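There are 2 protein chains.
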Amino acid sequence: MKYVNRFRVGPGSDVKLKDIDPGFKDRHKSHKEAVEEIARYQTKLRELQELLYADGRCSLLICLQGMDTGGKDGTINHILGAMNPQGCRVVGFKQPSVEEQAHDFLWRIHRAVPARGEVAIFNRSHYEDVLIVRVHDLVPKPVWSGRYDQINAFEKQLVEGNTHILKFYLHISKEEQLRRFRERLDEPAKQWKISASDYTERKFWDDYMAAYEDALSRCSTEHAPWFVIPSDHKWFRNLAIARIVVEHLEGLDMKFPPPAVDLERIRREYHAAKKT
Amino acid sequence: MKYVNRFRVGPGSDVKLKDIDPGFKDRHKSHKEAVEEIARYQTKLRELQELLYADGRCSLLICLQGMDTGGKDGTINHILGAMNPQGCRVVGFKQPSVEEQAHDFLWRIHRAVPARGEVAIFNRSHYEDVLIVRVHDLVPKPVWSGRYDQINAFEKQLVEGNTHILKFYLHISKEEQLRRFRERLDEPAKQWKISASDYTERKFWDDYMAAYEDALSRCSTEHAPWFVIPSDHKWFRNLAIARIVVEHLEGLDMKFPPPAVDLERIRREYHAAKKT
Chain E
1 MKYVNRFRVG PGSDVKLKDI DPGFKDRHKS HKEAVEEIAR YQTKLRELQE
51 LLYADGRCSL LICLQGMDTG GKDGTINHIL GAMNPQGCRV VGFKQPSVEE
101 QAHDFLWRIH RAVPARGEVA IFNRSHYEDV LIVRVHDLVP KPVWSGRYDQ
151 INAFEKQLVE GNTHILKFYL HISKEEQLRR FRERLDEPAK QWKISASDYT
201 ERKFWDDYMA AYEDALSRCS TEHAPWFVIP SDHKWFRNLA IARIVVEHLE
251 GLDMKFPPPA VDLERIRREY HAAKKT
Chain Y
1 MKYVNRFRVG PGSDVKLKDI DPGFKDRHKS HKEAVEEIAR YQTKLRELQE
51 LLYADGRCSL LICLQGMDTG GKDGTINHIL GAMNPQGCRV VGFKQPSVEE
101 QAHDFLWRIH RAVPARGEVA IFNRSHYEDV LIVRVHDLVP KPVWSGRYDQ
151 INAFEKQLVE GNTHILKFYL HISKEEQLRR FRERLDEPAK QWKISASDYT
201 ERKFWDDYMA AYEDALSRCS TEHAPWFVIP SDHKWFRNLA IARIVVEHLE
251 GLDMKFPPPA VDLERIRREY HAAKKT
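Residue numbers (the numbering used here), protein chains in the order written: chain E, 1 to 276; chain Y, 1 to 276.
Each hint should be verified, as a subset may be incorrect.
Repeated chains share a single entry, so a pair holds when one copy, or any two copies, can fit it.
What the hints assert, rightly or not - With a straight-line cut-off of 30 Å between C-alpha atoms, the simulated DSS-like cross-links for lysine-lysine are: (1) K18 - K174; (2) K32 - K44; (3) K94 - K255; (4) K94 - K18; (5) K190 - K255; (6) K29 - K234; (7) K94 - K29; (8) K44 - K234; (9) K44 - K193; (10) K234 - K2; (11) K255 - K234.
The set of hints was computed from the structure by calculation and includes no laboratory data. Model, not experiment: these values are computed from the prediction.
Please put together the full structure from these sequences, using the hints given.
Take a look at the structure:
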């Protein structure tokens, strides 16, 4: 079964995250066994990105969401590592700036969407406005609860303008998060990044899960699907996301444009130049 | 001798590009012999970029200039391939947009400079305004000839604001360019990119060399040096640029900030959490 179907949240379904195994690794027993397959998808990713750029008719928007340590940065390294950096941008959405807060929540998102031929990867996204904002009561409920429909309408408009949207929720267990936090504690080069809120946010784990379930259930649409990616194993997460992006792009009718010049004439000119 | 000195254009010197061998490859006889050294500098690049980000006090701006096929894209792939994509942006400067043309030539450049902790790589730069603009008479001579001093003053201000600027001219021979153009002709995935101007611009080769010599001579300053990189061998170009960036960054006094939290207290909390 294609991963693009296997991990997709069906439109209208009622996601229960506790029923989805974050440690799933399909038929592979270990990273080692999967190395070749991962490399194959990386190569395909690069070829397809080149084709997307050359074809120039559509763009690709990848949204990454997940709990702290879920693996957003690692995924970006893996996907970007496979792509030509000139056709691919990462945009991180942190706490909104004063200017951003003076606009509606989709304003800064819209400014950052990819142009035709481009890939953009969002490290967090407009979904924070129905996640952290909801968990911490940053706006009243009537405001955030109206956003699901607003997001669906916004994404639909982007898709109708030839932007393909793939949204990934990196699904880790609460235990795996603790393990990763502990790992960070022992890496001198990472200690400076540790903040007190890393740990205190864990108290809201169940609230976050409820908020994610609503976002996934209400905003996985035909035009802009959500995927729940088992992410306790970093290598499986990388494999699954690369494979889904590849499967999606392979389904598009993209082609290299014909040469804009008379290649034969240029060949003759080059040949003449070589002789002189 | 350090490459950061070896390939640097001394302030006030009078560059003669025909006296610089674009096929230079130092002590290495072949790419194969250099592979390990190249990998070592890539690893160092990544570590130093991480440190630049963590340290957060300065930024790095890398400008790439060169003739068509000179290897700007290849260099970007090599440097970016070594770095964390989230701390490093590529900005390509093509023909200015209508909005950009309505401003002074440094306006779009200033908007794109890296923030503290960031690396930005410019694929072409403000130097186009004393290169193509001069060669093709796009503005009167009094205008472009005033720009060398304007550029020096602008760059000085950036450097005084803790931006480090390294500028690389990718030096290839006219024959190597022709060879690369011919190569492209035979690659189906690249044919669509070939334009008639690729070849016709070769008629202006000598004018471009004169324009480059002036830019290199007049704008290689103590604060923002130019480097002339022998680039007929792609692997040597990659090695030399990576090594210069590494040598420059190693000369800075950067360090990881101390942890912002009480690591011991957090260790105890994590330990307690594991038991429950």
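Notebook entry, point to check: Is it within a copy, between copies, both, or neither that the alpha carbon of K94 lies no farther than 30 Å from that of K18?
Noted result: within (27 Å within a copy, 50 Å between copies)
Margin query: Reference check for the pair K18 and K174, CA-CA at most 30 Å: within, between, both, or neither?
Written below: within (11 Å within a copy, 64 Å between copies)
Notebook entry, point to check: Can you tell me if K29 and K234 fall within 30 Å by alpha carbon in one copy, between copies, both or neither?
Noted result: within (13 Å within a copy, 40 Å between copies)
Item checked: Copy assignment of K255 with K234, given that the CA separation must stay at most 30 Å -> Answer is between; shortest inter-copy Cα gap is 29 Å, intra-copy 33 Å.
Check: Given identical chains, is K94 near K255, meaning Cα to Cα at most 30 Å, within a copy, between copies, both, or neither?
Finding: between (36 Å within a copy, 24 Å between copies)
Next item on the list: Could you place K94 and K29 in one of the four classes (within, between, both, neither) given a Cα distance threshold of 30 Å?
Entry: For K94 and K29, the Cα distance exceeds 30 Å both inside one copy (36 Å) and across copies (48 Å).
Check: Is it within a copy, between copies, both, or neither that the alpha carbon of K44 lies no farther than 30 Å from that of K234?
Finding: both (20 Å within a copy, 24 Å between copies)
Check: Which holds for K234 with K2 at a C-alpha limit of 30 Å: within a copy, between copies, both or neither?
Finding: within (20 Å within a copy, 40 Å between copies)
Item checked: Same-copy or cross-copy closeness of K44 to K193 [CA-CA at most 30 Å] -> between (34 Å within a copy, 21 Å between copies)
Next item on the list: With 30 Å as the alpha-carbon cut-off, assign the pair K190 and K255 to within, between, both or neither.
Entry: between (44 Å within a copy, 12 Å between copies)
Item checked: Intra- versus inter-copy proximity for K44 and K32 (alpha-carbon distance at most 30 Å) -> Answer is both: 20 Å inside a copy and 26 Å across each meet the 30 Å cutoff.
In summary, the structure is inconsistent with hint 7 from the numbered list given earlier, while agreeing with all the others.
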